[in-house]
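> Can you make the complete structure from the sequences, with help from the hints?
Below are the chains, spelled out letter by letter.
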Amino acid sequence: MFGFSFDSWADVTGAMYIGIGSEGTWTLIAVVVCVAILAIGSKNEQDHYNDHK
Amino acid sequence: MEEQIALLTANLDAVTQSAALTNTMFAETYYFLTIPLMMIIHAGFLAYEMGQTRLKNTLSSGIKNLLAFAFTIITFYFFGWWFYWALPTGFTGSEGYMAISGIEYANAIALPWGESSQYMGPNIADNASGVFWGAFALFAATTASIMSGALIERVQTVGFVVCAIVLGSFAWVVAAAWGWHADGWLVTEWGVHDFGAAGLVHAVAGFFALGVLFNLGPRVGKFNADGSANDIVGHNMPLTVVGLMLIIVGFFGFLMACIILPGESWSWAGTGTSIYGTRMTLSALAFGIVLAVSGGIIGAWVFTRDPFWMMSGALAGIISVASGLDIYFPSQIIIISALAGVILKPCADFVEKLGIDDAVGAVTVHGTIGIFGVLMLGVMATGYPALDAYAPEGTPVITFTGQLVGSVVFILLGLVPGYIVSAILKAMGMLRVPDAVQLKGLDVVKVPAQAYPEGMTSPVSEDV
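Protein chains in written order, with the working numbering: chain A, 5 to 57; chain S, 775 to 1238.
The set of hints was computed from the structure by calculation and includes no laboratory data.
Each computed PhoX-like pair below joins lysine-lysine, with the alpha-carbon atoms no more than 25 angstroms apart: (1) S:K1200 / A:K47; (2) S:K996 / A:K57; (3) S:K1214 / A:K57; (4) S:K1214 / S:K1200; (5) S:K996 / S:K1214.
Just a sample of chain S residues kept apart from chain A, beta carbon distances all over 10 angstroms, derived: (6) A780; (7) A784; (8) M872.
If you want the footprint, here are the derived chain S segments under chain A, 3+ residues with CB under 8 angstroms: (9) 891-902; (10) 1212-1224.
In this text, a Cβ means the ideal position worked out from N, Cα and C, and glycines have one as well.
Structure follows, in structure tokens:
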């Protein structure tokens, strides 16, 4: 997930970031994080409304 | 002699490379700087909406704005950018004549996984993808902020975020793919020309807000039993007016990002052009934007004498001429923007008479005036080229009919998804804040901070 196969950034001619080849994994984790945040936020919000109805 | 020629050739090569590098860096810097300028729009929306909110709901409005920005930017990265490149020719996702559209093309450049990822992250050979994506992402966030104001004081936060994602990373993006892309079918088949996105950003966002408002309902106390409306006044008009002026500042970034610069592999021509490849200059915008702001202010002043409506008029002024800011003569801009300022309040009053509680006039300023702007270009510029650079023979020119077709499409792209997604959220109990909570105040119920801890508190929230 964090791999690389060059000695210097100067050897890189195109994409230049950590974990080339694992972009899909990182993106999936990011999606899950965002969905979880929304879900937690929604539950928290509904709890507040229910406490004050 | 031969040595001299070789030396001159080498020097010429060096100068050419240096010039090319300078052009590339200038273009990258130019688009990069539009991003912080457009962030100012969000500083403006924060101030504007919090000022227009009653004391008891102030921070809740701010939170809503911040989350709309954040989630729209993130989802635009995940999938919004893909829609822009995949759908110009329609929902079939086929490739257009310029070969820079279609599902296959979008899969190759606009997804943050697979081979496409190299264009969705740091790339030493790519000085364009990130800054283009960034400028478009800020356009997306702007649509969500436009909708945000209309819904203040009674929309649930997470429900609103879902609406913002649908608008910012789908609805307006489809409008842009169809009407703001050289392969867009509204452009290639109807000659739709909307340089500054009056229709595809402002009208789509305004009508999306309207679709949500149908399901959301008014604030408690807005309408009386006989249908008459009460004026619900915000707690800080100066903050609102300053916020609107900040939005105007940010607009400079928005509109300069609508220009395609020359000299790069992705450029249309040897001069700056609109996104349609029609030649234009930044100077044209310098004339147009400040005059449009001014015309809108004085037009709104005539019948309202109210600084809120005057600054809304400034916004409306720009939106009313945005479609043709590349080609209007400045005196025309003064006339059209002043007219937009004049009709602004009557249009907003009409919306209110229909029983719609649009807290800040977003449906009018952005929806109605956005359509007014698209149609006005059809009146003023019939016969002028809509699409230039590499346009195939027989490409339609700007016509009133074409602008009308574009207007109908933009309205529907806003209204239909707005209505549907809000109806689903309503059914799930995630759209409207309960009336009892509205009466107490959103801040005291769900925000762990106070807007003015040493000063103003809302009397209705004190005993909660």
